[in-house]
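Trainee: Spelled out, the chains give:
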Amino acid sequence: MSEILVLIDHAEGAVKKPTYELLTLARRLGEPSAVFIGPADKASEATEKVKKYGAEKVYVVDDSEIKGYLVAPKAEVLQQLVEKASPDAVLIPSSFEGKEIAGRLAIKIESGLITDAVDVEEGPVTTQSVFAGNYTVKAKVTKGTPVITVKPNSATPEEAEGAAAVEEFAASISDAAKGAKVVASQPRKSTGRPELTDAAIVVSGGRGTGGEFGAIEEFADALGAAVGASRAAVDSGWIPHSFQIGQTGKTVSPQLYIANGISGAIQHRAGMQTSKTIVAVNKDEEAPIFELVDFGVVGDLHKVLPAATEQINERKG
Amino acid sequence: MNIVVCVKYVPDATGDRHFEDDKTVDRVGVDGLLSELDEYAVEQALQIKEKADDPESVEVTALTVGPEQAVDAVRKALQMGADKGVHVLDDAIAGSDAIATSLVLAKAVEKVGSTDLVVCGMSSTDGSMSVVPAMLAERLELPQVTLASVIETQGDQVRIKRDSDSATDVIGATMPLVLSVTDQSGEARYPSFKGIMAAKKKPLDTLSLSDLGVEADQVGLSVAWTEVQETTERPPRTQGEIVTDEDGSGAKALTDFLASKKFI
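Residue numbers (my numbering), protein chains in the order written: chain R, 1 to 317; chain S, 318 to 581.
Please keep in mind that the hints were generated in silico from the structure rather than gathered at the bench. In this text the structure is predicted, and so the values were computed from the model without any measurement. Treat the hints loosely; a few may be bogus.
Listed next, the in silico DSSO-like pairs over lysine-lysine satisfying Cα-Cα at most 30 Å (straight line) [what the hints assert, rightly or not]: (1) R/Lys276 to R/Lys303; (2) S/Lys428 to R/Lys181; (3) R/Lys108 to S/Lys340; (4) R/Lys84 to R/Lys67; (5) R/Lys51 to R/Lys84; (6) S/Lys401 to R/Lys189; (7) R/Lys140 to R/Lys52; (8) R/Lys316 to S/Lys578; (9) R/Lys16 to S/Lys478; (10) R/Lys303 to S/Lys569; (11) S/Lys368 to S/Lys340.
Covered by chain R, per the in silico footprint, the following chain S stretches (three or more residues, Cβ under 8 Å) [to be verified]: (12) 327 to 339; (13) 374 to 388; (14) 409 to 422; (15) 440 to 448; (16) 456 to 469; (17) 478 to 489; (18) 525 to 532.
The beta-carbon is built from N, C-alpha and C at its ideal position, and this holds for glycine as well.
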C-alpha cells in the first residue's frame with residue numbers, strides 16, 4: 001500500500017485532535033505517514049500520540065531553522081517529502097495556515113488541490129459543504145498527488161496501533177522561503193474552555209447580548225462548551241475576533257450549536273449551518289436563525305440562560 | 318510604487334446561488350458584485366497610497382479575471398479610488414480552478430509590470446478556498462504576508478498584525494510581496510459622487526489570454542486539476558419546536574430539550 005502523508009497539527013509538540021481525524025481518514029486511503037515539523041525534542045512525544053492512531057511512519061523535521069517563517073518553508077518540506085515518498089495523497093488540517101501550505105504545495109508539485117473537505121473516501125473522493133452549507137459537493141483530484149485539506153470534526157478519531165517508524169528528514173529550505181518572518185508574538189490568555197473549531201458543543205452570543213457575555217460563558221461552562229460570537233459582537237469590540245463564527249471567522253460543525261441573541265445572517269450561517277443540532281434563543285421571533293433550529297426559545301437571553309444554567313447544574317448534581 | 322489589488326466578481330451571497338449543468342458556479346445568470354472581502358483589499362491599497370510620502374508616485378491597479386460582468390468589480394474599485402483597471406476576459410477561462418486562476422492572475426501581475434505589492438482579500442465569498450494569495454505568491458516567487466488586520470508600510474518594509482488562535486503576531490517582510498487583508502483591517506469606503514464620475518475617465522484595459530502569453534489549454538474546466546463529481550442541494554433544515562418564554566418556561570423547555578438529546 002502507498003503512503004498517505006498527514007501533516008501533524010500541533011502547538012509546540014502538543015498534538016491537536018484534528019491530526020487524529022486526518023490519520024483515521026488516511027487509513028481508508030493507504031498507510032498513514034505522519035509529518036512532524038516542530039521542535040526536535042518534542043518529536044518523541046508527538047510520535048507516541050500518532051502511533052495510537054495508526055501512523056506507520058513518522059517523518060520528523062526539526063523546525064529550528066524555519067520557525068517563525070510561516071508557511072513557505074513548510075510547503076518546501078512537504079514538496080521534498082512528496083518527491084521522496086511518492087505518496088498517494090497529502091492530507092493537511094484545514095486551518096488558514098494549512099490551506100496556505102496546501103496552496104503553495106499544489107503549485108510546487110503540479111497537483112490538484114481540494115480544500116475544506118468534510119469527508120474523504122477511497123479514490124480519494126472528497127465531500128465538501130459549499131455556499132454557506134446549502135450545497136454538498138463531491139470531488140476528486142485528477143492531476144498529480146491529491147492535496148486535500150480537511151476540516152476539524154470531519155471524522156471520529158479511531159484508535160489503531162501503527163508502527164510509527166521514525167525517520168529523521170533534513171529538508172533543504174531556500175532563502176526565498178524565508179521572506180516573511182514573525183517579528184513579535186503576544187500569546188493570548190487561555191480561557192480553559194474547549195477550542196472553538198473542535199468543540200462538541202458551541203454556545204455563541206451576538207448583538208442581543210448587549211456586550212454582556214457573562215450569561216453566555218456560564219451557560220457554556222455548565223455544558224462544557226466552547227464560547228463563540230457573531231460578527232456583530234466582534235465588531236462592537238465586546239469579544240476578540242478569534243471567537244468569531246462565520247464567513248470571515250471560524251467554521252464550526254459541532255454536535256450542538258446554541259445561538260443566543262444572533263439574528264442569523266447568511267455570513268453567520270456559513271460558519272455554523274452544518275452543526276448537527278441547532279438551538280437559538282432570541283427576543284425577536286422573526287429572527288432568521290429560527291428557520292434553522294431544531295429547538296428555539298423566543299425570549300430574553302439574559303433571563304433564559306441564567307435560569308437554564310441553574311437547572312443544568314442542578315440536574316448534574 | 319506599484320500596487321495591484323486583485324478583485325473578484327462573485328454571485329451575491331444573499332441571492333440564490335447555484336451550479337450549472339457542468340457543475341461550475343453559475344456566474345453569468347445571477348446578480349453579482351465585487352466580493353465584499355475584496356473591498357477591504359481595495360481600501361488598504363488606497364490607504365497605503367494615501368499614507369505614502371508621495372501619493373502621486375503610487376499607482377493602484379485593480380485586476381480581475383472573469384466573464385464580461387466581472388468588469389463591474391474593477392469599476393467599483395476605480396470608483397473607490399484605484400488608478401487603473403485590468404480585466405482579463407477570455408471564454409477559455411470559464412470553469413478554471415484556483416490553480417489556473419492563480420496562473421492567469423500571476424501573468425497579469427507580471428504584465429502590469431514592476432509590481433511591489435499585490436493585495437488580496439482574505440477569501441472569496443463564493444469558493445471561499447482562501448488559497449489564491451498563497452498560490453499567487455508561489456507562482457510569483459514572492460513572500461506572502463496574509464490575513465493582516467493592521468498594515469503598516471515604510472519604504473519597502475511591510476509590517477502586519479495578525480490574530481492566530483493562540484497569539485497575536487507581528488509579521489515583517491520586504492517588498493515585493495503578496496499581502497492579504499481581513500475584514501478587521503478597516504471599513505471599506507463608499508465611492509463618492511466625485512469618485513464615480515472620475516472612474517469613467519480612468520484607463521481600463523481588457524486583456525485576453527494571448528496578451529498574457531497563456532495558452533487556452535492551460536486554463537478552463539477541461540484542464541482543471543480537480544473534478545466535481547456531483548453537487549447536491551442540501552435539504553432545507555426543517556424548523557423544530559419554537560417556544561415563547563413566559564415566566565421562566567423557556568429555560569425549563571430548553572433544559573428539557575437538551576436533556577432529551579443527552580447533552581446534559
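Trainee: Could you run down the list of hints and mark each one as holding or not?
Mentor: Each hint tested on the structure:
1. Pair hint R/Lys276 plus R/Lys303 holds up; C-alpha atoms about 26 Å apart against a cutoff of 30 Å.
2. Between S/Lys428 and R/Lys181, the direct Cα distance comes to roughly 28 Å. Compliance with the 30 Å bound is thereby established for this hinted pair.
3. Restraint check for R/Lys108 and S/Lys340: the C-alpha separation of about 27 Å stays at or below 30 Å, so the hint holds.
4. Restraint check: the Cα-Cα separation between R/Lys84 and R/Lys67 comes to about 23 Å, which is no more than 30 Å; the hinted pair holds.
5. Among the hinted pairs, R/Lys51 with R/Lys84 is consistent with the structure: their alpha-carbon atoms are about 22 Å apart, no more than 30 Å.
6. Only pairs whose Cα atoms come within 30 Å are accepted, and S/Lys401 paired with R/Lys189 is rejected, the gap being roughly 45 Å.
7. Taking the CA atoms of R/Lys140 and R/Lys52, the gap is near 29 Å; set against the 30 Å cutoff, the hint holds.
8. Proximity of R/Lys316 to S/Lys578 is assessed by CA-CA distance (about 15 Å); at most 30 Å being required, the pair is judged to hold.
9. For the proposed pair R/Lys16 and S/Lys478, the alpha carbon gap of about 25 Å is at most 30 Å, so the pair holds.
10. This hinted pair checks out: R/Lys303 and S/Lys569 have alpha carbons roughly 12 Å apart, not beyond 30 Å.
11. For the hint pairing S/Lys368 with S/Lys340, the CA-to-CA distance comes to about 44 Å; that exceeds 30 Å, so the pair is violated.
12. With 5 residues carrying a beta carbon less than 8 Å from a beta carbon of chain R, the region 327 to 339 of chain S meets the three-residue requirement, and the given coverage holds.
13. For a cut-off of 8 Å, the count of residues in the region 374 to 388 of chain S with a CB near a CB of chain R stands at 0, and the three-residue condition is violated.
14. Taking a C-beta to C-beta cut-off of 8 Å, the region 409 to 422 of chain S contributes 4 residues in contact with chain R, enough for the three needed, and the coverage statement holds.
15. Check result for the region 440 to 448 of chain S against chain R: holds, 8 residues qualifying (beta carbon to beta carbon below 8 Å, three or more required).
16. Here's how the region 456 to 469 of chain S fares: 9 of its residues keep a CB closer than 8 Å to some CB of chain R, so the rule of at least three is met and the hint holds.
17. Only when three residues or more bring their CB closer than 8 Å to a CB of chain R does the claim for the region 478 to 489 of chain S stand; here the count is 10, and the claim holds.
18. A stretch counts as covered by a chain when three or more of its residues have a beta carbon under 8 Å from one of that chain; for the region 525 to 532 of chain S and chain R the count is 0, and the coverage is violated.
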